[in-house]
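**Student:** Residue numbers (my numbering), protein chains in the order written: chain A, 1 to 122; chain B, 1001 to 1409.
These are calculated hints, taken from the structure and not from any lab test. Treat the numbers as computed from the prediction; the structure is a model and nothing was measured. Treat the hints with care, since some could be wrong.
Just the calculated beta-carbon pair ranges, DEER-fashion [stated by the list, open to error]:
no. : chain 1 : residue 1 : chain 2 : residue 2 : range
1   : B       : Gln1279   : A       : Leu85     : 35 to 43 angstroms
2   : B       : Arg1352   : A       : Gly32     : 18 to 26 angstroms
3   : A       : Asn84     : B       : Ala1172   : 52 to 60 angstroms
Beta carbons are placed, not taken as given, at the ideal position from N, Cα and C, and that holds for glycine.
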Amino acid sequence: MERFMLIVREDLKRIGRLTTKERFAEGPDMLGWVKSLADSGNYIGGEPLAVKGRYVTQNEVLSDGPFIEAKEGISGYDIILAENLEQAVAIAQSCPMVMTGFAIREVRPIQPFPSKTDEENT
Amino acid sequence: MDSVQQETDHIYKQHFGKMVACLLYSSRDIDPETAEDIVQDSFSAALTSWRSQGIPANPVAWMYKVCRNKALNIIKRNNRLEPFSDQAAGSMEIRFSDSALDDHQLKLLFACAHPDLSPKTQVVITLKYVLNLKVEAIAKVLGMSIDGVDKLLVRARQKIKTEKIILEEPRAHALKERLPTVHKIIYLTFNEGYKSSGGNEILREELCEEALLLNRELLDKNLGNKETSALHALMLFNSARLKSRFSESGELLDLENQDRSLWNQDLISLAHHFLTESQGETFSTYHLEAAIACLHCVADSFEQTDWKTIAGIYLRLLTDHPNPFVELNYAIALYYAGDKRTAFEILHALQRHAFLSRYYLLNMALGKFHYLEGDKAYARQFLNKAYLQTSAPKEKDFIQKMINKSEDF
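Looking at chain A on its own, in the form it has when it is part of the complex:
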């Protein structure tokens, strides 16, 4: 099994206008989906992200970042286990937020660091 990050992308500008309570009351219920993934041993963890953050660059210029204006900014993530990318995609597709068109998911395999044996082989 490989690990994948399922990134939630949605309109941050809109979320930014909502209170925390409103934000979590409006979407589809995600608990059932998470529970079913936990039951099948595919769920590792996940959290929503707050809209406001800091953007850090080499010149130490701190800004609110592009987050707030981003149409499809990152608003949360889940880390799951799946057999392959195809299955990870199928899992992301079954997410209630995706099924109801509430948000989109970006599926990214987590890249393991090369192990000692990999280095020796190359």
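Assemble chain B onto chain A, guided by the hints.
**Tutor:** For chain B alone, kept in the frame of chain A given last:
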């Protein structure tokens, strides 16, 4: 209801899924949607024909024959460019015999375990095509909306159609590769049946039975391994307690208040047999979960349960498969094992978890333990939360009873 309607309803219930499965295996040119249409069509043909001409001597055989002919017509239509030989029709007939039906079921189960489908989809299509459940029933047992199941099925069918997934009968080596997924599907099917929330009791018990039967088939056909035996033990231990989970008036009872004399000792000793069989080099999560279920079944009372060992096994599960829901169970076992401080630490930490904080069982556990520690007002806060977090009437009643208890001084 007239006798024709009764007869077709009966056959529908027993054979619909098998007929679809047979059609899927009879030809690569038939996808699940077409297969279902053919079977559906054949049933309406039966209704009309039997009403005017009477029910044939062997109605089931009649149905299979009509299905087969309709399928052949469709294949002929699709393969118009290639001449359709009688030989192909002959070989199809052989594969379409009644006796091989259960094998079809098993083959279809392995086909549903395709690694490119999500675990939920695997379970949904297994319930639909292997166990022959209707969409409404699937929605009920999985706690999904009918619309949600439909959407999942539509997506699965598209994928199956474009990638020819289900029509591929897995080859011998693939059977082995897919065995873990098949185990998972059987395990999840059993769990869905076992859950106390929502739906029709009888339907859910049947689901547990179906899961056991499928797993038994794997063992009987020598397709299984040590994990199959461990899974079998796990399901049997839990089945032994099925009847005691509700009181005579139908109320939900927790482990503490179950009448242990109702536990089925035959099933428990059978489970022991499979647990012994399962011993070997491999040590899967099914082994660990079966061990926990076993410790519950052999305990004379709730208090005498070996909570320390159970907590240890949960810790081991957590090390290999970190999962906040298992962590919750670990904390509960720790509490009863006497390590209350760690238990509360874990439970309160889980409250900060994005999803667990909305999970009624976490708030139930917190409510119950604070109640047992004597802080009734604090306990009520959690119980009230838990009450709002479940919609199953039996669970709501159960929580309400705890709230009432916490109000007595």
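**Student:** Hint by hint, note whether the structure agrees.
**Tutor:** Status of each hint after checking the structure:
no.	hint	verdict
1	B:Gln1279 <-> A:Leu85: 35 to 43 angstroms	holds (36 angstroms)
2	B:Arg1352 <-> A:Gly32: 18 to 26 angstroms	holds (20 angstroms)
3	A:Asn84 <-> B:Ala1172: 52 to 60 angstroms	violated (21 angstroms)
Hint violations for this structure: number 3 only, all remaining hints satisfied.
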